[in-house]
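> Single-letter residue listing:
There are 2 protein chains.
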Amino acid sequence: MPRTGRRPGAGGTREKILAAARSQFAGHGYEGATIRGIAASARVDPKLVLHYFETKDGLFRMALDFPFDPAQAIPGLLEPGLAGLGIRLARFFIDLWDSPAGARAHALVRSVVASENAAALMRDFVSREILTRLAQALELDHPQTRASLAASQLVGLAMLRYVVKVEPLASARADRLARWIGPTLQRYFTDADAITPRVGSRS
Amino acid sequence: MPRTGRRPGAGGTREKILAAARSQFAGHGYEGATIRGIAASARVDPKLVLHYFETKDGLFRMALDFPFDPAQAIPGLLEPGLAGLGIRLARFFIDLWDSPAGARAHALVRSVVASENAAALMRDFVSREILTRLAQALELDHPQTRASLAASQLVGLAMLRYVVKVEPLASARADRLARWIGPTLQRYFTDADAITPRVGSRS
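Heads up: the protein sequence lines correspond to chains D and V, in order.
Heads up: the first sequence begins at 28 in the working numbering, then just goes up one per residue.
Heads up: the second sequence begins at 28 in the working numbering, then just goes up one per residue.
It should be emphasised that the hints constitute simulated quantities derived from the structure, not laboratory data.
Be careful, since some hints might not be right.
Since the list gives no way to pick one copy over another, a pair counts as held whenever it fits inside one copy or between any two copies.
Unchecked claim - Capping the alpha-carbon separation at 25 angstroms, the derived lysine to any residue pairs in SDA-like fashion look like this: (1) Lys192 - Gly129; (2) Lys74 - Arg214; (3) Lys192 - Arg137; (4) Lys83 - Glu42; (5) Lys43 - Gly108; (6) Lys192 - Ala130; (7) Lys83 - Pro102; (8) Lys192 - Ala146; (9) Lys43 - Asp220; (10) Lys192 - Ala134; (11) Lys192 - Arg155; (12) Lys192 - Gly209; (13) Lys192 - Gly54; (14) Lys192 - Arg131; (15) Lys83 - Ser154; (16) Lys192 - Ala145; (17) Lys192 - Gln163; (18) Lys83 - Glu194; (19) Lys192 - His133; (20) Lys192 - Ser142; (21) Lys83 - Ala66; (22) Lys43 - Ala66; (23) Lys192 - Phe93; (24) Lys192 - Ala98; (25) Lys192 - Ala141; (26) Lys192 - Pro94.
All chains, full assembly: derive it from the sequences and hints.
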């Protein structure tokens, strides 16, 4: 987690930079947006942006208020190898939503659904920071497809468990839920037949 | 689809009844809300409610603006039997979102995420009209769990394809998507091991 850089009395400036960052990232994408442009839009010195957020990446993550740092979490999930990745990732995701950070995840879903700008930011972030990291570790064809299918199962679980609160998903224990959806994630990640149809089977 | 009952000049009354229905259903649930109570809240005669919406169920569906009628669609999906149900359901769901009705589905997601009331209505409707119908057709244990897990995969696909628009899910062809997620739904519906751990395997 980056330092938030918040100082007494500095809340207004920090929020102004974050608002400018959201607008610049949404308008120009992650690659197109610059610290200089964001600083100009917030009418502050670029050095002040770096003082608060250290890097463009840190600023981006704070602008999105993403509930965890994929650069830290994903290598840890991948480290024991691809075997068991599905259930580990399921458990990590459910524990995150069940924790206090779940409120930030919920707020993120709300803003992504309400705003095309937030959806564009989220798409950029998820593709670059999560799906690409997972895809690089996969050893089969179509890694980006595999990773995004796994993400779709996780996001759908979050919608039914935490947003719509459908039973029995809403009150199921984390370990049980992870056992239910873990094999789905694992199949998307490592089953040779999951993306391409079986060779020799036309049914 | 029920008749909408809309008549020239009657839009105001109909909308007033729908607003009252949303509030009563959200406050009292489907079972607790009554035509009489909704009529009183909208300050109209109960007969007028029935004139416009025919039944409490019809009113409920119109209040939610649900994009299809489960009473009609689900028996058709189940009719050929449980074999192949996963891919048929996936295709039905994707074709619905790809059609003009997709805009209504999108609006529904937006209101469910924005409002606890809409989430409560949706939960009630999905459980009663969709999950229970599917569960009744399943021949294994934990049918409600199976049906809601399948729903979680479908909802997550909708989120990533239509709301966040993550590639390659956003632009994949419907038949290909259905082949990717159909087996996941099928496993939840009909795999004996999907919900309960394998007997004799403790790994």
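> Evaluate each hint against the coordinates.
Here's how the hints hold up against the structure:
| no. | hint | in the structure |
| --- | --- | --- |
| 1 | Lys192 - Gly129 | both (14 angstroms within a copy, 22 angstroms between copies) |
| 2 | Lys74 - Arg214 | neither (47 angstroms within a copy, 54 angstroms between copies) |
| 3 | Lys192 - Arg137 | both (15 angstroms within a copy, 15 angstroms between copies) |
| 4 | Lys83 - Glu42 | within (16 angstroms within a copy, 48 angstroms between copies) |
| 5 | Lys43 - Gly108 | neither (42 angstroms within a copy, 58 angstroms between copies) |
| 6 | Lys192 - Ala130 | both (14 angstroms within a copy, 23 angstroms between copies) |
| 7 | Lys83 - Pro102 | within (21 angstroms within a copy, 53 angstroms between copies) |
| 8 | Lys192 - Ala146 | both (23 angstroms within a copy, 8 angstroms between copies) |
| 9 | Lys43 - Asp220 | neither (49 angstroms within a copy, 53 angstroms between copies) |
| 10 | Lys192 - Ala134 | both (16 angstroms within a copy, 18 angstroms between copies) |
| 11 | Lys192 - Arg155 | between (30 angstroms within a copy, 14 angstroms between copies) |
| 12 | Lys192 - Gly209 | both (20 angstroms within a copy, 24 angstroms between copies) |
| 13 | Lys192 - Gly54 | between (34 angstroms within a copy, 16 angstroms between copies) |
| 14 | Lys192 - Arg131 | both (17 angstroms within a copy, 21 angstroms between copies) |
| 15 | Lys83 - Ser154 | within (17 angstroms within a copy, 44 angstroms between copies) |
| 16 | Lys192 - Ala145 | both (23 angstroms within a copy, 12 angstroms between copies) |
| 17 | Lys192 - Gln163 | between (34 angstroms within a copy, 21 angstroms between copies) |
| 18 | Lys83 - Glu194 | between (41 angstroms within a copy, 24 angstroms between copies) |
| 19 | Lys192 - His133 | both (12 angstroms within a copy, 18 angstroms between copies) |
| 20 | Lys192 - Ser142 | both (23 angstroms within a copy, 13 angstroms between copies) |
| 21 | Lys83 - Ala66 | within (11 angstroms within a copy, 56 angstroms between copies) |
| 22 | Lys43 - Ala66 | within (10 angstroms within a copy, 48 angstroms between copies) |
| 23 | Lys192 - Phe93 | both (22 angstroms within a copy, 18 angstroms between copies) |
| 24 | Lys192 - Ala98 | between (30 angstroms within a copy, 22 angstroms between copies) |
| 25 | Lys192 - Ala141 | both (19 angstroms within a copy, 14 angstroms between copies) |
| 26 | Lys192 - Pro94 | both (20 angstroms within a copy, 20 angstroms between copies) |
This entry does not satisfy hints 2, 5, 9, going by the numbered hints stated previously.
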